[in-house]
Amino acid sequence: MTTRSVSAFLAPRRRLQLAGLLTPPVLWLGLVYVVALAALLVTAFWTVDELTGQVQIEWTTDNVVEVLTEALYRTVTLRTLGIAVLVTVLDIIVAVPVAFFMAKIARPRMRHLLVIAVLAPLWASYLVKVYAWRALLSSEGLIEWAVSPFGLDTPGYGIVGVVLTLSYLWLPYVIMPIYAGFDRVPDRLLEASADLGAKGWTTLIAVVMPMIRPAIIAGSIFAFSLSLGDYITTGIVGGTTQMLGNLVYANVGAANNLPLAAAISLIPIGIILLYLAAVRRTGALRSL
Amino acid sequence: MSKSPSRTALRAGIATAAVASLAACGTSDSGSGSEAAASLGAAEGTVSILAWPGYVEDGSNDPEVDWVSAFEESTGCMVTSKTYGTSDEAYQLMQSGGYDVVAASGDLTLRLIAGDLVQPVNTDLLENYDGIFDFLKDKEWNSVDGVSYGVPHGYGANLLMYNTDEVTPAPTSWDVVFDKASDYSGKVTAYDSPIYIADAAMYLMTHNPDLGIENPYALDQDQFDAAVELLKTQRDSVGEYWSDYLKEIQAFETGDSVVGTTWQVIQNSITSGNTEVVLPDEGATGWSDTWMVASDSEAPNCAYAWLDYIASPEANAQATAYFGEAPSSQEACDFRDDCEAYHAGDAEYAEQIWYWTTPVSDCVDGRTDVECVDYSEWTKAWQEIKG
Chain E
0 MTTRSVSAFL
10 APRRRLQLAG
20 LLTPPVLWLG
30 LVYVVALAAL
40 LVTAFWTVDE
50 LTGQVQIEWT
60 TDNVVEVLTE
70 ALYRTVTLRT
80 LGIAVLVTVL
90 DIIVAVPVAF
100 FMAKIARPRM
110 RHLLVIAVLA
120 PLWASYLVKV
130 YAWRALLSSE
140 GLIEWAVSPF
150 GLDTPGYGIV
160 GVVLTLSYLW
170 LPYVIMPIYA
180 GFDRVPDRLL
190 EASADLGAKG
200 WTTLIAVVMP
210 MIRPAIIAGS
220 IFAFSLSLGD
230 YITTGIVGGT
240 TQMLGNLVYA
250 NVGAANNLPL
260 AAAISLIPIG
270 IILLYLAAVR
280 RTGALRSL
Chain W
0 MSKSPSRTAL
10 RAGIATAAVA
20 SLAACGTSDS
30 GSGSEAAASL
40 GAAEGTVSIL
50 AWPGYVEDGS
60 NDPEVDWVSA
70 FEESTGCMVT
80 SKTYGTSDEA
90 YQLMQSGGYD
100 VVAASGDLTL
110 RLIAGDLVQP
120 VNTDLLENYD
130 GIFDFLKDKE
140 WNSVDGVSYG
150 VPHGYGANLL
160 MYNTDEVTPA
170 PTSWDVVFDK
180 ASDYSGKVTA
190 YDSPIYIADA
200 AMYLMTHNPD
210 LGIENPYALD
220 QDQFDAAVEL
230 LKTQRDSVGE
240 YWSDYLKEIQ
250 AFETGDSVVG
260 TTWQVIQNSI
270 TSGNTEVVLP
280 DEGATGWSDT
290 WMVASDSEAP
300 NCAYAWLDYI
310 ASPEANAQAT
320 AYFGEAPSSQ
330 EACDFRDDCE
340 AYHAGDAEYA
350 EQIWYWTTPV
360 SDCVDGRTDV
370 ECVDYSEWTK
380 AWQEIKG
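Read top to bottom, the protein sequences are chains E and W.
The first sequence runs 0 to 287 under numbering that gives the first Met the number 0.
The second sequence runs 0 to 386 under numbering that gives the first Met the number 0.
Don't take every hint at face value.
What follows is a set of in silico ranges between Cβ atoms, one per label pair, in the way DEER data are often shown [stated by the list, open to error]:
id, chain 1, residue 1, chain 2, residue 2, range
1, E, Leu21, W, Ala69, 53 to 59 angstroms
2, E, Asp186, W, Lys81, 57 to 63 angstroms
3, W, Asn267, E, Val127, 21 to 27 angstroms
4, W, Glu297, E, Leu273, 49 to 55 angstroms
5, W, Asp61, E, Ser124, 20 to 26 angstroms
6, E, Lys103, W, Lys81, 52 to 58 angstroms
7, W, Lys81, E, Arg279, 43 to 49 angstroms
8, E, Leu28, W, Glu383, 36 to 42 angstroms
9, W, Glu383, E, Lys103, 47 to 53 angstroms
10, W, Asp235, E, Gly228, 26 to 32 angstroms
11, W, Glu228, E, Gly228, 28 to 34 angstroms
12, E, Ser124, W, Pro52, 18 to 24 angstroms
13, W, Pro52, E, Ala18, 33 to 39 angstroms
14, E, Ala277, W, Gly211, 53 to 59 angstroms
To give a feel for the contact side, a few chain E residues facing chain W, derived at Cβ under 8 angstroms [unchecked claim]:
id, residue
15, Glu139
16, Ser192
17, Asn256
No lab work stands behind these hints, which were simulated from the structure alone.
Glycine residues also receive a C-beta, built at the ideal position from the N, C-alpha and C atoms.
The shape of chain W in the complex, shown without the other chains:
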């Protein structure tokens, strides 16, 4: 039976619509490399900010928590903000455009720079940049070839949390979640992200020096395979992986988890159960966040104004205290009473932290004779580890 003309027309119509809509979601070329601003002009009136939850609070979540209003009053730049849940989500949002400023962790910054989505930042234009801890400036996650791409915001370490009733003696090594994990089978927890592979690699730096790992984010195939193998063994003892920090708080309070990675803010939030955190001898992975300016920003002056404002001691203290991390300057500690808990300004403590960095095929430890495993492979391996 032949098709009726109207049905054929309908199909053609749907096909046309389909092709049109598919073409619309095609790719776009990124622009040429952008330059840092040389001087600042008048404020544009608005600034759009993309940040982690709790970084840009204007009192609408909690009337007591507000550092945006003061910025709007003093600069005349009205803030609109959007939050994201993972670095990968932020990357997608930055690709779609429309944001002037982004707060990015170290596992996002290099991707943004490589994708030409952010521009270099002229730190001379920022009054409060001088006060920032030196050990946070010009690092591999916020600068490229000596060119700064942003302003440090706050940092923290992925610590080892343990239940003091169940885990004795008090651990000083990550071996309780790796080689000795079977002692706590079913009660071990780990961070649910491909970037956690770096924790295993960092452990191997100390416990299997023959592999020659210099930086847990620069792994060649052999080193990577060893880390993945370690995590596959660990999986047998893992009760659950966490990425939602509220879930981990609950798991430690009920005793469903007794040992695993954590953040300082989680320890501060736990109200019942005997838990303790420690920075083990091998060191720890961690995050250091950076405020960056979008390469296609239509409000660069307001963007710089925000970068300067959020680096100012009082605003930085408010924002980092609310999130639960160390501030970026010593002066900020004058506005906080919990700096000690976060080891703010303790360069030695900060040295032990391997900050999240995007693994790319050009090894970030400077090796040129091998190719490193890039992040897409890390993601694939992470799914295999979970099985």
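Bound-form chain E, shown alone:
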């Protein structure tokens, strides 16, 4: 009864319908997301009581100045940025051939199996996968066993371990958009290119690449931004390595200094905004 009367009431009132439909998501986005982010940014300009560790609303730029001037944060920012870029490049190098094979060469049955194979790791917990890499990288692990006949050693726990693990973790997020990008390239363009006498390599560079460039950039956003904020992987396979996320974590947890943590978190936020602005100019955001 009431349901019917509500629908009768709403039926002629289009604007009310729209308002009812949009209010929950807008509230979510506005209050939970934007306000939380704003609160974080504002906290960077507050301070903490030395004795009790409570946040005090005293406006100061000390935290931001400290983050911008101290060598520690510069070193860690450069290291984090380097790791994120390396992970992104590695992922793209691996993802492009895989995605090309999936989209253009594999038969439909094979293609489905490959899509499942690429997505399957996402079903396993992040932590399980990182701990698996910890075992792989160990001095008694599979990698040591595989490379020791050639006189090499496992890279062990450190920056190399972090890069390898993060590349593995984010690979599905890079393969999928590039696969979709290749899928959108019509086969007849490849045939036309061949008919006109272009070799495979020329076709790839002159015909395919311009078309999948937005897809590659879309994939890079995932790998880059996810690497930039990671701290758990570093804690497990990073040895003594610190990334920006670890500094934020240490300041929230061990130091109980939320304002400084907020100030540090401004660095990755700034980097990501710059990156997204650059990406936006390429038009790749539309193909996400």
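The hints should help you fit chain W onto chain E, whose structure is shown.
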């Protein structure tokens, strides 16, 4: 182009919401200093406990491990508990309130007392307090000016663990992780917490007496800088820092780490690989945990009942055995068969342990002519050491 009215209104709305939510997370004044209870009344029926994992087990993790049910049956106080992973997390939770009892290590207790988050404890009201080892009572981490703030629970030392195949001869000094650390470059491990700076300071007490360090938790700027310098040198040889004890067990089993700080429980848990632990000549840092009562507790009678119960020999034996540390009383050893491994009751062994204490600017060693480096500086320095 001017903004449309509706968009302006939307922005105003969001701004209002933002201000309201920010104001809500403002600070609150702490109450005035609280007094210890003079007598006990009827049980309130519930008690909320904040503790390290493994301290408050009611059988839900392992049906065999349960000392809470017996407490609930005998006192009628129903227990709800929450665990924490670091002393700093516990501090934040205590600030948010809602807990009657907290199990705090020595690097947390003084902060809780200074923040007026816990109340003094009248130990005369606790039957089982008398049985507790004397060397655990009225220490700088569980009492202030002779007023007790809690009941000792258990203690242990941060020992030196080494791989007997790789580290020969058997070390008797911490120099294998400091001055001689480069011999094991890439395979040294250290505890990942600012409080580890105290380990370096303790080492310098013996090896650089000119610095005049009396207590590794009371360091003036010069002494602190020397300890930090030592740790920066050590870092070149460190393979990884550990705070998750399962991670360290694995690292020693696989040989990724061959020498470094450890806990007795880790040695007990290692199943493969040849490892040995030792309490080196310089002594060791360690922890001694204290049960405390929140200053705003709404169930002080049940809180006291828990403090008394967990200090009773059988319950204390169960809880400390499960965690892997020495119990607080000799009687508790009647209920455990591994007391020897933990050197329970060995006052001489306990004397060699520098228990975790919060470094504050009023030097805890009693010096008044200098200002000591406080914990927030320790934290900052720890991040710099790791680089």
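Against the structure, the hints come out as follows:
no.: 1; hint: Leu21/E / Ala69/W: 53 to 59 angstroms; verdict: holds (56 angstroms)
no.: 2; hint: Asp186/E / Lys81/W: 57 to 63 angstroms; verdict: holds (60 angstroms)
no.: 3; hint: Asn267/W / Val127/E: 21 to 27 angstroms; verdict: holds (26 angstroms)
no.: 4; hint: Glu297/W / Leu273/E: 49 to 55 angstroms; verdict: holds (51 angstroms)
no.: 5; hint: Asp61/W / Ser124/E: 20 to 26 angstroms; verdict: holds (22 angstroms)
no.: 6; hint: Lys103/E / Lys81/W: 52 to 58 angstroms; verdict: holds (55 angstroms)
no.: 7; hint: Lys81/W / Arg279/E: 43 to 49 angstroms; verdict: holds (45 angstroms)
no.: 8; hint: Leu28/E / Glu383/W: 36 to 42 angstroms; verdict: holds (39 angstroms)
no.: 9; hint: Glu383/W / Lys103/E: 47 to 53 angstroms; verdict: holds (52 angstroms)
no.: 10; hint: Asp235/W / Gly228/E: 26 to 32 angstroms; verdict: holds (28 angstroms)
no.: 11; hint: Glu228/W / Gly228/E: 28 to 34 angstroms; verdict: holds (32 angstroms)
no.: 12; hint: Ser124/E / Pro52/W: 18 to 24 angstroms; verdict: holds (20 angstroms)
no.: 13; hint: Pro52/W / Ala18/E: 33 to 39 angstroms; verdict: violated (48 angstroms)
no.: 14; hint: Ala277/E / Gly211/W: 53 to 59 angstroms; verdict: holds (56 angstroms)
no.: 15; hint: Glu139; verdict: holds (4 angstroms)
no.: 16; hint: Ser192; verdict: violated (46 angstroms)
no.: 17; hint: Asn256; verdict: holds (7 angstroms)
Of the numbered hints listed earlier, those contradicted by the structure are 13 and 16.
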